[in-house]
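A.B. asks: From first to last, the protein sequence lines are chains A and B. Using the working numbering, read the first sequence as starting at 1 and increasing by one per residue. Using the working numbering, read the second sequence as starting at 1001 and increasing by one per residue.
Be aware that a few hints might be false.
[As the list claims (entries may be wrong)] In the SDA-like style, the derived pairs of lysine to any residue whose C-alpha atoms are separated by at most 25 Å in a straight line are: (1) K1093(B) to E1122(B); (2) K1058(B) to R153(A); (3) K1058(B) to I26(A).
What the hints contain is simulated information worked out from the structure, not anything from laboratory work. The model shown is predicted, which means the values in this text are computed figures rather than measured ones.
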Amino acid sequence: MLGAMGVPRSKPVELHAHAMDNLRYIRGTMERAGSFTAVPGLGGVLMGSTALVTAWIATPFRGVGHWMTIWAIECFVGILIGTTAAAMKSRRMNSPLLNGPGRKFLAVFSPAIFAGVVLTIAFHQADLSWYLPGIWLLLYGTAVVSAGWGSVRAVALMGICFMVAGTIGLLMPELPGDVLLAAGFGGLHIVFGTIIAVKHGG
Amino acid sequence: MAGKQNAVRKERRGPEFAVALTAPAGAQKLDRLVHERLRLGILSALSVNETLAFNELKKLLETTDGNLSVHARKLEEAGYISCSKSFEGRMPKTEYRITQSGRRALERYLDHMESLIQAMRER
Chain A
1 MLGAMGVPRS KPVELHAHAM DNLRYIRGTM ERAGSFTAVP GLGGVLMGST
51 ALVTAWIATP FRGVGHWMTI WAIECFVGIL IGTTAAAMKS RRMNSPLLNG
101 PGRKFLAVFS PAIFAGVVLT IAFHQADLSW YLPGIWLLLY GTAVVSAGWG
151 SVRAVALMGI CFMVAGTIGL LMPELPGDVL LAAGFGGLHI VFGTIIAVKH
201 GG
Chain B
1001 MAGKQNAVRK ERRGPEFAVA LTAPAGAQKL DRLVHERLRL GILSALSVNE
1051 TLAFNELKKL LETTDGNLSV HARKLEEAGY ISCSKSFEGR MPKTEYRITQ
1101 SGRRALERYL DHMESLIQAM RER
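The whole structure should be built from the sequences, with the hints applied where relevant.
C.D. replies: Following this line, the structure appears as structure tokens:
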């Protein structure tokens, strides 16, 4: 077909293609603009409670192998609780867990955790296990602070507190590790979990 | 030229002005105010944030000061967003927030787009 000036008209954009493009644009903008709000407050409280129980169980053990096994189990329990609670919260909020901000949160959270696993193995092999509580708290805090910038403010603040606890643990390795872990993974999770649950809906 | 003036005139009619589409979904009305790309971006971004500062919106939508001001003003005049101005130290700060009416307009627009796609698929 020729236009008024005799120039062939380009094929008009299909209406539904335009509508789909608009929906993609809306979704993309929302993902870039949104923050990861599925950080579970109640899940945090539960994670803190299991950490307190773990610290109580682990204290009497003198052998490093058993002590580490107990805390490794607690680590898996914590991951399970955190993931389940985040999935439940995101379902309640009608937002997919791994949407844009969720994926970003995971991508930024993971490297410090990976570093923590590697350092745990290296320090254990070097017979320097008394540094582990400090390393765990510091690197978990680093992961939470990094990921927390894309989430609600309380998350980043919690990460900073973990980093402080970890630094104290590393600079004063004579402090009892279980007390430090109970205060960090137990106390901080319960305090900030409660704040997140109250202020940010569960 | 005349076409451009006509477009401006249409735009000035505000959110009440709507265009019926020729598709089967054309029974519904398309809110022209929301349909414009940058205004759609502003509403989408504000719908997932309590407030956003002018500079945050500008960075997010990769636009210029002038462009953002003009489109934000249109949405504000339509009552779709509200704007508050304050000072952070000595720096002026403009913050935007989506209103109930703006949220409803965005939801209507999303429904419209979805029904349009649905109608085309059923053809």
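A.B. asks: So, for every hint listed, does it hold in this structure?
C.D. replies: Consistency of the hints with the structure:
no. : hint                 : result
1   : K1093(B) to E1122(B) : 49 Å, violated
2   : K1058(B) to R153(A)  : 22 Å, holds
3   : K1058(B) to I26(A)   : 16 Å, holds
In terms of the numbered hints stated before, the structure departs from hint 1 and from no other.
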